Amino acid sequence: MTMRPSVRDAMLAAVPSLRAFAISLCGNVDRADDLVQETLLRAMANIHSFQPGTNMSAWLFTILRNLFRSEYRKRRREVEDTDGSYAESLKSHPEQQSRVEFEEFRVALAKLPPDQREALILVGASGFSYEEAAAICDCAVGTIKSRVNRARTRLSDLLSIHGADDFGPDHATRAILSAGGGRGG
Amino acid sequence: MQTDVRSTKPAGRLSREDQRRLGDILQRVYDDVVKQGVPDRFRELLNELDGAGPGANAVTERKDAGETSSGSGSLVGVDRADESSEKGPLR
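So the protein lines, in turn, are chains R and D. Counted from 1, the first sequence has number 124 at position 121 by the numbering used here; the numbering is strictly sequential. Counted from 1, the second sequence has number 52 at position 49 by the numbering used here; the numbering is strictly sequential.
By construction, these hints were calculated from the structure, which means they are not laboratory data. Since the model is a prediction, treat every value here as computed from it, not as a measurement. Built from N, CA and C at the ideal position, the CB exists for glycine as well. There may be inaccurate statements among the hints.
[Unchecked claim] Sample of chain R residues with no beta-carbon within 10 angstroms of chain D, all distances over it, derived: (1) P55; (2) S60; (3) S73; (4) E74; (5) P117.
[To be verified] Taking beta-carbon pairs under 7 angstroms as the criterion, some of the chain D residues facing chain R (in silico): (6) Q30; (7) V36; (8) L49; (9) L52.
Next up, chain D with everything else stripped away, as it sits in the complex:
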């Protein structure tokens, strides 16, 4: 019945110790990204989607202007120095 017992069976010829080491690295690599949290891009996206219904008129103006209202859109930045077009929030 239990499905998430991880170490009952050896994986191929891997020892439990090796499995654990692999698991640790995998988790760290993964958590490294998770720790970056929610980039603004997605917060804004959900806000916009959420606001597309009644009662959110501020957001609808952006239609003809691309993503200018948010300021951090990667397509804009015309009057700024156009640096190497790397996205800011992702580092």
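Bound conformation, chain R alone:
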């Protein structure tokens, strides 16, 4: 099928953010890109159900999120093994200074329950309103708010963000080390 240039452009424009969301969800760049690809294919196959004038980005996020959820159910055990790939994906980050911070943050993020993680990302990073996030996650606005709040509290615990001048590396570093070394398979 041929798509209107505007539709294609809107899809392309959404890709960077979709990738960031996908990586946040599954913690693995390769899998995230596969997820984005599947999202685009799914979107194309169902392009007739997209209503022009509505938010293309939110529509794609919804598809991606649903794909991830169904995959997550299938691969739960694998998905929990994300710390190593987070650490690996960090090699790409150029700024030495903030690398530790990034590592710790990503590892901590991976420890959040998926519900909380997706809510936090959608509202706190992707720039969706609570209402949009609720629509994407198919739940009530109040539910999103409470998930975001719990996610923040949990993250700050994991990162020892409050009270300290810097993040305690303990949890995160241990996770990276144990993920990187001596895993039998």
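Given chain R, work out where chain D should sit, using these hints.
Chain D alone, transformed into the frame defined by chain R:
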């Protein structure tokens, strides 16, 4: 009515300052990926999907040959030295 007022309520026992710090890091981690833009893989995918209709015969040849026409497919590279099969564009 307003839904995106972020700091009216304290989140649990987090201060606004802590929330802000968390928010900053989250945004940076996220933007770090966003800044990578659109990998070729997705541009090509959309081109192919778009071209699958009438008027795009160049792309249809690839059917029997996998992704060879684009050159950057990770499955090909047979005559190149097969390095550790890491994908190029993702760094």
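Status of the hints after comparison with the structure:
no., hint, result
1, P55, "holds (17 angstroms)"
2, S60, "holds (12 angstroms)"
3, S73, "holds (21 angstroms)"
4, E74, "holds (19 angstroms)"
5, P117, "holds (16 angstroms)"
6, Q30, "holds (5 angstroms)"
7, V36, "holds (4 angstroms)"
8, L49, "holds (6 angstroms)"
9, L52, "holds (5 angstroms)"
Checked against the numbered hints above, the structure violates none of them.
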